[in-house]
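In terms of our numbering, the sequence shown opens at residue 1 and continues consecutively.
Hint data in this document are derived by calculation from the structure and do not stem from the laboratory. Mixed in with the good hints, there may be bad ones.
As the list claims (entries may be wrong) - Beta-carbon label-pair distances, calculated as ranges: (1) W136 <-> S240: 24 to 30 Å; (2) I139 <-> L306: 43 to 49 Å; (3) R207 <-> H55: 18 to 24 Å; (4) P313 <-> A118: 44 to 50 Å; (5) I89 <-> G288: 21 to 27 Å; (6) S121 <-> P233: 43 to 49 Å; (7) G47 <-> S240: 50 to 56 Å.
All C-beta atoms in this analysis are idealised placements derived from N, C-alpha and C, irrespective of residue type, glycine included.
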Amino acid sequence: MMRQVIYALFPAIVVYVFLFGCGILIQLSLAVSTALLFEATALRLRGLALRPFLHDGSAVVLGCLLALAIPPYAPWWVTVTGVACAIFIAKHAFGGLGHNVFNPAMVGIIFILVCFPATLSRWPEFTSLLDYPGPWHAIELIFTSAPGAIDGISGATILEYVKTQVAPMRMNSEIRTDGPVGVISGRGWEWINMAYLVGGGWLLWRRVITWRLPLSFLSGLAGAALVGYLADPELHHGASFHLFAGGAMLAAFFVVTDPVSSATTPKGMLLFGLGAGLLTYIIREFGGYPDGVAFSVVIMNSFAPLIDRVTRPRLYG
């Protein structure tokens with residue numbers, strides 16, 4: 001199962017490299033190797049055998065998800081800190097794989113997002129194809145962490161850009177003509193989310209995940225966005241914008257579908273996904289952070305046991 005999830009991430013990784021350069025490959029290597037190291041350390045401290053747990057692929061998937069959710073040229077210590085929080089606190093503090101209450105990768109993201117908000121906002125600015133740092137420059141940016149080194153190529157994500165533009169009361173009809181805005185959502189981010197959609201389709205076709213969680217999450221996000229758009233189209237963006245901005249598709253097919261921390265009953269999955277999608281929209285539109293995926297998933301993780309209990313099918317006879 002974990003191997004299929006890794007395969008499904010390949011399209012998005014290819015698009016990341018095409019749009020932003022090889023920084024994402026360095027971050028993936030760093031996050032995965034660190035996750036395996038910390039996983040082995042935690043298992044050793046708990047007196048458990050290394051081979052069965054290191055070979056289950058969960059640490060690799062965790063590292064991949066975390067690396068894909070942070071800027072590709074973020075300093076190395078940000079990645080290591082996020083992985084450490086995910087492995088030691090969110091995963092093994094609760095008993096390891098199968099016992100964690102919260103999605104470890106999202107807990108790691110929230111931790112570094114709260115601790116290093118400025119660093120996590122420095123995404124590469126998509127200006128033209130193949131306009132990004134070379135391999136050696138990327139390594140220098142990530143591992144030297146020189147002050148201001150990333151500023152020359154960084155810019156706001158489409159969600160952050162829109163939030164800052166709406167604050168001084170610029171209308172959506174004006175914002176749509178700006179450079180960072182693409183056909184559906186943000187330039188470049190449309191393709192990234194489409195790549196996640198392709199990977200999610202692969203997981204559905206292989207029956208690694210069920211349709212309930214992804215569909216309900218996207219429905220909750222799109223439905224809330226549609227209501228906001230109909231209420232005031234000059235202040236709130238529509239459903240297509242939100243579906244292809246930020247980490248919407250990543251969350252739909254690779255995060256809320258976590259079989260451990262999400263709801264497990266058929267009705268519970270629908271409620272869980274709808275709640276996560278609705279919370280994502282609320283945080284995006286009214287919260288202090290541009291994207292609310294990590295927060296919404298962790299909040300719904302805390303309600304998953306209650307949702308399962310309420311929606312558990314009754315047995316008669």
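Consistency of the hints with the structure:
1. About 39 Å separates the C-beta atoms of W136 and S240, a value inconsistent with the hinted range of 24 to 30 Å.
2. A beta carbon spacing of about 46 Å between I139 and L306 agrees with the range 43 to 49 Å that was offered as a hint.
3. Distance hint check: the CB atoms of R207 and H55 are about 22 Å apart, consistent with the given range 18 to 24 Å.
4. At roughly 48 Å, the beta carbons of P313 and A118 sit within the given window of 44 to 50 Å.
5. Between I89 and G288 the CB atoms are about 23 Å apart, so this pair conforms to the stated range of 21 to 27 Å.
6. Checked against the given bound of 43 to 49 Å, the beta carbons of S121 and P233, roughly 27 Å apart, lie outside it.
7. Under the hint 50 to 56 Å, the C-beta atoms of G47 and S240, about 51 Å apart, fit the expected range.
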